[in-house]
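These two chains come separately, so use the hints to put the complex back together.
If you read the protein sequences in the order shown, they are chains A and B.
Using the numbering used here, read the first sequence as starting at 93 and increasing by one per residue.
Using the numbering used here, read the second sequence as starting at 691 and increasing by one per residue.
In case anyone wonders, no lab produced these hints; they're calculated from the structure.
All values reported here derive from a predicted model rather than from experimental measurement.
Do not take every clue at face value.
A few chain B residues that face chain A, going by a derived Cβ cut-off under 10 Å, partial list only [as the list claims (entries may be wrong)]:
id : residue
1  : 721
2  : 729
3  : 731
4  : 826
Pulled from the structure, derived: some chain B residues nowhere near chain A, Cβ distances all over 12 Å [said to hold, decoys possible]:
id : residue
5  : 710
6  : 720
7  : 732
8  : 760
9  : 789
10 : 791
11 : 797
12 : 799
13 : 802
Simulated coverage check for chain A against chain B, where a stretch passes if three residues somewhere in it have a Cβ under 8 Å from a Cβ of chain B [said to hold, decoys possible]:
id : segment
14 : 113 to 123
15 : 189 to 197
16 : 201 to 208
C-beta: ideal position from N, C-alpha, C; glycine also.
Each chain, written out:
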Amino acid sequence: MSVERILEGLARREPAALARAITLVENQRDGFERVLSHAHGLLGRSGARRIGITGPPGAGKSTLTEALIQRFRAQGLSVGVVAVDPTSPFTGGALLGDRIRMESVSLDPQVFIRSMATRGAHGGLATTTEEVADLLEAFGFQRIIVETVGVGQTELDIARTAETTVLVLVPESGDGIQTLKAGVMEIADLYVVNKSDRAGADKLRQEVEVMLGIRRGNAFRHVAPHHAQPTRSDRRTGGSQQSDSWEPPVLATVASTGAGVDELAAALDRHHAYLEASGQLGERRRRRLADRTRAVLERGVRRWLVEATRAEELLRQRLDEVADGLRSPYDVAAEILDQVKTGVVK
Amino acid sequence: MPGSPLKRPIRVLVAKPGLDGHDRGAKVVAAALRDAGMEVIYTGLHQTPEMIAQAAIQEDVDVVGLSILSGAHLTLFPRVKQLLVEAGRDDVLVTGGGIIPPEDIDALRKQGIGRLFGPGTPTAELVKYIEEWAAEHVSA
Chain A
93 MSVERILEGL
103 ARREPAALAR
113 AITLVENQRD
123 GFERVLSHAH
133 GLLGRSGARR
143 IGITGPPGAG
153 KSTLTEALIQ
163 RFRAQGLSVG
173 VVAVDPTSPF
183 TGGALLGDRI
193 RMESVSLDPQ
203 VFIRSMATRG
213 AHGGLATTTE
223 EVADLLEAFG
233 FQRIIVETVG
243 VGQTELDIAR
253 TAETTVLVLV
263 PESGDGIQTL
273 KAGVMEIADL
283 YVVNKSDRAG
293 ADKLRQEVEV
303 MLGIRRGNAF
313 RHVAPHHAQP
323 TRSDRRTGGS
333 QQSDSWEPPV
343 LATVASTGAG
353 VDELAAALDR
363 HHAYLEASGQ
373 LGERRRRRLA
383 DRTRAVLERG
393 VRRWLVEATR
403 AEELLRQRLD
413 EVADGLRSPY
423 DVAAEILDQV
433 KTGVVK
Chain B
691 MPGSPLKRPI
701 RVLVAKPGLD
711 GHDRGAKVVA
721 AALRDAGMEV
731 IYTGLHQTPE
741 MIAQAAIQED
751 VDVVGLSILS
761 GAHLTLFPRV
771 KQLLVEAGRD
781 DVLVTGGGII
791 PPEDIDALRK
801 QGIGRLFGPG
811 TPTAELVKYI
821 EEWAAEHVSA
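Chain B with its partners taken away, still in its complex shape (with noise of 0.2 Å):
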């Protein structure tokens, strides 16, 4: 609205990269987040970190969901992460889902990796996740 400062919506970069060609989840993902009054660019499959970091860079978002199904995540999620902190960009929330088991997930997370969802999670979880790390970390 005119004025008052709006409360712009949460934007949030949802990808899938690597090599595998399971795109179901992510797009479950990204509607979940749209529905829940978020922005949320999609690049679809088959993402380098590179091409990931770039679009997140270039559409300001404060979230990167990331999609890893082929068991790449232990390269790809700190790849990303590394990429964003390089560009200055150390304030966007790297986080995202798959199939990733839950030593995998600790070493991630002291990576600087935020929380990892695994299949058959409700989406509001997630919903409710970015909300209130945004609510914590997104300045307006």
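One chain only, chain A, in its complex shape (with noise of 0.2 Å):
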């Protein structure tokens, strides 16, 4: 399919022309930029919001999705899903399986999923997702979920890209130590304890809670004086209109049976009025935006270097010297980069 097709596809909203845009995105073929260059122009106008869910494998972020999904079509909303599985580092395959926790939306045209595969990307992965999400924004989608395991910085990244980060535990997921560990559990700005029924999950929600207490410095507001009356606030509900600060709720759920996702939806509503209300939805737009121009030019001098200029032949050239220990990389990376910078190499 030529780029010209797709665009038009797209034009006509064709679920097989979008499938073939993502695919020219994630393989960066020829005229991808122009595809999303096109579709950036269409973002933000069917109010879409997007919602990145992350967690450890197994935490049941596809069966969330699924009952958020099913949530979101209740509400009328058509919902794109890119949901992002590990590809092998040592064959380069990928086992794609997270459509089969989202079977009963399988059929509804009002929504799409695309599965995709890390593929080892260079710290680009984050920013192909993001176009991907783009790319079902841009055709009208009004909710993307970014679905992620997260295990890792890359992974971070990726969930940081949406407007709202879910971060899904579950009662196996560890003790009050893991909480406390850097990363994952920083990013958030709602946690979601899975799998509730289970043994555990009080503990790790009260857990999460203190963590969360710990890191604001107020970790102890809610144990209320002796003789007392008990003070249990508002926070639970996710964020105090009084203050300012957005208050990461802790939140339980048993996706299977669809318990509490009604709380996580309304969770998520009030996060999305939050950052309006504050003016961080404008601020993190204009951030991510920043960010995504250097990440394009970025890929754009990767590849000019990599196509235009001699660098790589230069490298095979010297590559023996380094290997002998006559030269260090840096000499000879700075060398190259001379040579590029006057024009010698081009």
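Structure, rendered in structure tokens:
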């Protein structure tokens, strides 16, 4: 399918053209930036919102995604999903199985699900995923869910391209110390303890709340003074209205039965309202656009370096010297860069 | 890699249409294709042809592999193929395996279905078949 044909198909809202456009972007084939540039002009029209869902393998992210899709569909909203699963670093292959959990919505024409493998991209995966989300939004989907296994920096980056990031944990995720560790626990706007009908769920939920409290410096705020009326604030309902900072709520769900999903959907709405009211929506958008422009520029430079200059060839010539210890990688890189700059290897 | 058009992985949808619940074969095939460097979208049991076609279109796969042990192959394979053609995806290879008599394989072949593999086929054979097909039919 040619780029022209894809653009025509997108204008006619053909799902097959959307699928083809995603492939084009995923593989960075000729014309992909044209398609993206076109899509960019269509963003922000349908009041679309992006939700990132991350968490350890087996936490129930896909099942929760299905439950959210059902919920959005009941509200008459169309939903696009990007489900990212890891590529094997050894074979380059991948098994993408997130669709299995989303069977109930698989025939709904207002739902589009696309599985993506991480393909060992050089940190460019977050950009590609965001670009795929752009295509879904430009196509007219009103809710975009990006689901990814939250096990590393890349996955965190992907999740952060969404306006609202949800971290899904399960009672088996570990004890309180896990929740104190840096990284994955710091990025979420909403915390979900899924499979909350299992033993240990309440404890985990409590520990996450304490951890969030420690980070804010008010861990004991909910511990009532002795003999006083217990105070259980509205924190769990997701961010207090009076304060202008968002306090991430810790929610309990059983995705497989749908328990707690309404509360999750409500919390997503509240977070979006908070972003809007606090002006952060615009701020985050500006930051994302700056990041995107930088990423596209970097990608272009890397491409140019490989295609238009003889940098790779020069590297091959010098590699023996580096391998023999005569020169360091730094010397050679500096030499290549010098030559590229002065146009010698152009 | 940046720049040079990366050799992209072949994308395959592995699905089990119909009512039988034996998915060991489909899983073995899915794992073998993954290990051969392909991106395998696995959709699991009890899929209708409509669900399979819809998934194949959204996932923009090159190949659809169906595992059918229920005896309904003469209905299911052509139906999936037909739905793909209707959606403008006549370029997708529909192949698969199961308990399928040789005369039915011939009949299906005439309807545009690819090679079908019986029980006991070494996985290397279908990997080779898909790789060779892709080399010939899939552009970059």
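message: Which constraints among the numbered hints does this structure fail? Numbers only, ascending.
response: 4, 6, 7
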